[in-house]
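Enquirer: Sequence:
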Amino acid sequence: MKQLFLGAIAMLLSVNIAYADGGDKTEAEAKIKREQAKEIALKQLPGGTVVDCDLEKKKGKLYWEVEVKSSDGKVKKEMKVDADSGEVSDIKEDNNDD
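Just so we're aligned, residue 3 is where the sequence shown starts under the working numbering, counting upward by one.
Please note that the accuracy of each hint is not assured.
In silico lysine-lysine, BS3-like type, Cα no more than 30 angstroms apart, as pairs [said to hold, decoys possible]: (1) Lys76 <-> Lys61; (2) Lys78 <-> Lys94; (3) Lys71 <-> Lys33; (4) Lys82 <-> Lys61; (5) Lys71 <-> Lys45; (6) Lys61 <-> Lys71; (7) Lys45 <-> Lys61; (8) Lys59 <-> Lys33; (9) Lys35 <-> Lys78; (10) Lys94 <-> Lys71; (11) Lys94 <-> Lys60; (12) Lys60 <-> Lys40; (13) Lys82 <-> Lys71; (14) Lys33 <-> Lys63; (15) Lys78 <-> Lys40; (16) Lys33 <-> Lys78.
Calculated directly from the structure, the hints in this document are not laboratory data. Source: prediction; values computed, not measured.
Construct all of the structure, not just a fragment, from the sequences and the given hints.
Expert: This is the structure:
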């Protein structure tokens, strides 16, 4: 039982390491870098703050998924920034009226 448990942990660690390496290679492929994507996204909500910025790849297309929150915290926008062109698309607004 102990060997099975240790084997499972070793396999999980190797998967995480492989994923991390792939992430670095993918980020190196992006013409628009993380900081540039954040600046582009902030133009959609001036005065806001970037809450999250992740590089995603779907159907061979590379894009940054950026979440920006307004300075008063009442408006949050999630958007995709094309990692090749910097074009913003798929803007979703989430208004918090709590």
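Enquirer: State for each hint whether it applies.
Expert: Quick rundown of the hints versus the structure:
For the proposed pair Lys76 and Lys61, the alpha carbon gap of about 33 angstroms is over 30 angstroms, so the pair is violated. For the hint pairing Lys78 with Lys94, the CA-to-CA distance comes to about 8 angstroms; that is within 30 angstroms, so the pair holds. Proximity of Lys71 to Lys33 is assessed by CA-CA distance (about 25 angstroms); at most 30 angstroms being required, the pair is judged to hold. At roughly 14 angstroms between alpha-carbon atoms, Lys82 and Lys61 fall within 30 angstroms of each other, so this suggested pair holds.
Using a Cα cut-off of 30 angstroms, the hinted pair Lys71 and Lys45 holds, with the two alpha carbons roughly 12 angstroms apart. About 28 angstroms separates the Cα atoms of Lys61 and Lys71, which keeps this hinted pair within 30 angstroms; it holds. Of the pairs offered as hints, the one joining Lys45 and Lys61 holds, with about 27 angstroms between alpha carbons and a cut-off of 30 angstroms not exceeded. Restraint check for Lys59 and Lys33: the C-alpha separation of about 14 angstroms stays at or below 30 angstroms, so the hint holds.
Distance restraint check for Lys35 and Lys78: the Cα-Cα separation of roughly 22 angstroms lies within the 30 angstroms cut-off, and the hinted pair is therefore satisfied. For the suggested pair Lys94 and Lys71, the alpha carbons sit about 12 angstroms apart, so the restraint of at most 30 angstroms is met. In summary, the hint linking Lys94 to Lys60 is supported, as the alpha carbons are separated by about 18 angstroms, within the 30 angstroms threshold. As the CA atoms of Lys60 and Lys40 are separated by approximately 20 angstroms, the hinted pair is consistent with the 30 angstroms bound.
A hinted pair counts as satisfied when its Cα atoms are at most 30 angstroms apart, and Lys82 with Lys71 qualifies at roughly 15 angstroms. A hinted pair counts as satisfied when its Cα atoms are at most 30 angstroms apart, and Lys33 with Lys63 qualifies at roughly 12 angstroms. As the CA atoms of Lys78 and Lys40 are separated by approximately 14 angstroms, the hinted pair is consistent with the 30 angstroms bound. About 26 angstroms separates the Cα atoms of Lys33 and Lys78, which keeps this hinted pair within 30 angstroms; it holds.
Violated hint for the displayed structure: number 1, the only one.
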